[in-house]
Amino acid sequence: MIKVDNITKTYGSGDMAFQALKGASFTIKEGEFVAIMGPSGSGKSTLMHILGCLDTPTSGSYFLDGKDVSTLDDESLADIRNEKIGFVFQAFNLLPRTTVLRNVMLPLVYAGVPEEEREKRATQALYAAGLTETHFTHKSNEISGGQVQRVAIARALVNNPSLILADEPTGNLDTKTGDIVLATFQKLNKEHGSTIVLITHEPDVAAYAERIITVRDGAIVSDVKNASQKIHAL
Amino acid sequence: MKLNDIFHETYTALSANKARSGLTILGIVIGISSVIAMVSIGTGASASISSRIESLGSNLIQITPGAQRTQGFGASGGRGNAKTLTTADAEAIAKEVANVAAVDAQVSGRYQVTAKGTNTNTSVTGVTSAYLSVRNVEVAEGTFITDAQNNSAAKVAVLGPTTRDDLFGADATDVVGKSVRIKGVEFKVVGITVAKGGTGFQNQDDIIFIPVKSAQRYFSGDQYLSTIAVQASTQEEMTQVQEDITTLLLSRHKISDPAQADFSAMNQNDILSTASSVTSTLTYLLAAIGSISLLVGGIGIMNMMLTTVTERTREIGLRKAIGAKKKDISTQFLAEAVALTVIGGVIGIALGWLIAYVVNLTGLVTTSVSLSSVILAFGVSAVTGIVFGYYPARRAANLNPIEAMRYE
Numbered sequence: 001m002i003k004v005d006n007i008t009k010t011y012g013s014g015d016m017a018f019q020a021l022k023g024a025s026f027t028i029k030e031g032e033f034v035a036i037m038g039p040s041g042s043g044k045s046t047l048m049h050i051l052g053c054l055d056t057p058t059s060g061s062y063f064l065d066g067k068d069v070s071t072l073d074d075e076s077l078a079d080i081r082n083e084k085i086g087f088v089f090q091a092f093n094l095l096p097r098t099t100v101l102r103n104v105m106l107p108l109v110y111a112g113v114p115e116e117e118r119e120k121r122a123t124q125a126l127y128a129a130g131l132t133e134t135h136f137t138h139k140s141n142e143i144s145g146g147q148v149q150r151v152a153i154a155r156a157l158v159n160n161p162s163l164i165l166a167d168e169p170t171g172n173l174d175t176k177t178g179d180i181v182l183a184t185f186q187k188l189n190k191e192h193g194s195t196i197v198l199i200t201h202e203p204d205v206a207a208y209a210e211r212i213i214t215v216r217d218g219a220i221v222s223d224v225k226n227a228s229q230k231i232h233a234l
Numbered sequence: 001m002k003l004n005d006i007f008h009e010t011y012t013a014l015s016a017n018k019a020r021s022g023l024t025i026l027g028i029v030i031g032i033s034s035v036i037a038m039v040s041i042g043t044g045a046s047a048s049i050s051s052r053i054e055s056l057g058s059n060l061i062q063i064t065p066g067a068q069r070t071q072g073f074g075a076s077g078g079r080g081n082a083k084t085l086t087t088a089d090a091e092a093i094a095k096e097v098a099n100v101a102a103v104d105a106q107v108s109g110r111y112q113v114t115a116k117g118t119n120t121n122t123s124v125t126g127v128t129s130a131y132l133s134v135r136n137v138e139v140a141e142g143t144f145i146t147d148a149q150n151n152s153a154a155k156v157a158v159l160g161p162t163t164r165d166d167l168f169g170a171d172a173t174d175v176v177g178k179s180v181r182i183k184g185v186e187f188k189v190v191g192i193t194v195a196k197g198g199t200g201f202q203n204q205d206d207i208i209f210i211p212v213k214s215a216q217r218y219f220s221g222d223q224y225l226s227t228i229a230v231q232a233s234t235q236e237e238m239t240q241v242q243e244d245i246t247t248l249l250l251s252r253h254k255i256s257d258p259a260q261a262d263f264s265a266m267n268q269n270d271i272l273s274t275a276s277s278v279t280s281t282l283t284y285l286l287a288a289i290g291s292i293s294l295l296v297g298g299i300g301i302m303n304m305m306l307t308t309v310t311e312r313t314r315e316i317g318l319r320k321a322i323g324a325k326k327k328d329i330s331t332q333f334l335a336e337a338v339a340l341t342v343i344g345g346v347i348g349i350a351l352g353w354l355i356a357y358v359v360n361l362t363g364l365v366t367t368s369v370s371l372s373s374v375i376l377a378f379g380v381s382a383v384t385g386i387v388f389g390y391y392p393a394r395r396a397a398n399l400n401p402i403e404a405m406r407y408e
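Those sequence lines, one after another, are chains A and B.
Sequential numbering from 1 applies to the first sequence in our numbering.
Sequential numbering from 1 applies to the second sequence in our numbering.
Here chain A stands alone, though its shape is the one from the complex:
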């Protein structure tokens, strides 16, 4: 469960100071599929960095699974990211020249999971993300863009995180491939009960989520249930 309470983020200081977030508060329950939507410069990337424990807020608190992570140091944040958060980025998700399986196992390597178990869990995650065994031994530069994103989803799943954070996951894909990726998120949310936060600037993409939080100029302007959730089956 995620509880964000009046968080702000200011970059720089003095005259040069720029407030990217001006006090955002919301709660995301376990098993929710939420889209955070806003145009570029709205502060959604800053919000994503804080939710992903890549950065800490200037003020306010952020509880992840009941633990305040807003004041942790870099090394503790690395642990939180490893254990509780799965990332899917827009680009450069996978290590080049490395097999699909090895890429998915990487968070487990840093978590210190024994080698036999890593492969078992990575294989399960890859199946859950809709990939088949023929892809496992391919190098990351030998598969298509849609497959890359699904491998990234598998990697995000592999640690059984509290939160899967997807930052413009369809930004580099054509609509058809993008739909498949978004359907994969929906399936994980329905079948595995994964909590998913999708960051996007496109209403079409946000339409796949159950709830849409809209950000503008560093503040939340609306937080509504998505009455017309788009359902796409795989």
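A hint or two may mislead.
Said to hold, decoys possible - DEER-style ranges, computed between Cβ atoms:
| hint | chain 1 | residue 1 | chain 2 | residue 2 | range |
| --- | --- | --- | --- | --- | --- |
| 1 | B | Ser15 | A | Ile231 | 44 to 50 Å |
| 2 | B | Ser273 | A | Gly112 | 55 to 61 Å |
| 3 | A | Asp79 | B | Ala19 | 34 to 40 Å |
| 4 | A | Asp79 | B | Ala16 | 25 to 31 Å |
| 5 | B | Ala19 | A | Lys29 | 50 to 56 Å |
| 6 | B | Asn400 | A | Ile231 | 36 to 42 Å |
| 7 | B | Leu371 | A | Glu142 | 45 to 51 Å |
| 8 | B | Thr366 | A | Glu115 | 51 to 57 Å |
| 9 | B | Ser277 | A | Gly112 | 54 to 60 Å |
| 10 | B | Val296 | A | Glu115 | 35 to 41 Å |
Said to hold, decoys possible - Chain B is nowhere near these chain A residues, computed Cβ spacing over 10 Å in every case:
| hint | residue |
| --- | --- |
| 11 | Thr10 |
| 12 | Ile28 |
| 13 | Ser59 |
| 14 | Val69 |
| 15 | Asn82 |
| 16 | Arg97 |
| 17 | Gly130 |
| 18 | His138 |
| 19 | Gly145 |
| 20 | Thr214 |
| 21 | Asp223 |
If you are wondering where the hints come from, they were derived from the structure by calculation, not from laboratory data.
Quick reminder that beta carbons are idealized off the backbone N, C-alpha and C, glycines included.
Starting from the known structure of chain A, fit chain B onto it as the hints suggest.
Then chain B, alone, in the frame of chain A:
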């Protein structure tokens, strides 16, 4: 991160750019191999110089007559020509000085020597039976001069191999038992020595040994000696023996001021230490030249690692985003640098060894690769990897994941 994973990451990273890794390794190979080859040539040269000096005899102290000074404005004689050392001096040293293993009294001169139809001019040295052990001489055929032959001033001679060849031909057999005439006096050949090789300008094998008393009776005609060679029992006692001999001879010659001594005592250790200080300076110089190339190789590693960190900034950002800690990142990059130097070190040691072996084959210098230089070179290469890999690794570890992932 487990050791296995570090190996895996390092292998993947280094094999991704084989040409660059290979060239960086080459820098270390050249550095390490030049250190090993240079040091082996240096130690080989110093070992061969030491062994040449030691072949003169072991724990040797040589006493030679000094210049005989005259009071006032009289002319001084040349050093070594004076007739100041006597057989009695040699006997006194043997009797009164402690820790003396053997004393050999010598009279030497150059005379014309003839055999059947051939003749040569060579060094004729009167010696005692102690000469064998004092000067490390071995007998190839027959026997050496005995005490009995010396006491009776027997007309017997032992030939050096070069002299035997000059007088009887290189393929001569049964030389022992034949006769030679030294300055017209007939001597019977009783033995041939084993070849020792030359030291500098002097051929130690172009020589004839006769009993010292025979030399005094038939050639010099007096009781004086040209050299007293003393062998100390151990190397540690050489200085003490040298001092005791000096004191003894000063009092026997009734000289109160040591500066006025009419003889000089030379310690083989002095010659050895002078020579070895020269050769160790040479070795240091060669090692320094090798180290410079190792340093250049190390800078090559640092350069490559910095380039790698820059190229892989986004990869580092991704790794940190999914939970890699600073230690994981720095270990990974440090392991790459160390792997480069260790691979380079192993190849470099092999190449250095090969160079030393080839130099050995040319016969110019007998090289010797010591285990310590191999261990040192290997240690230096590992330390080079850590030192030159540390800065790039730290830079990678301290990258901010957000900025690293945005890096273009």
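message = Of the numbered hints stated earlier in the document, which are not met by this structure?
response = Structure breaks hints 15 and 16.
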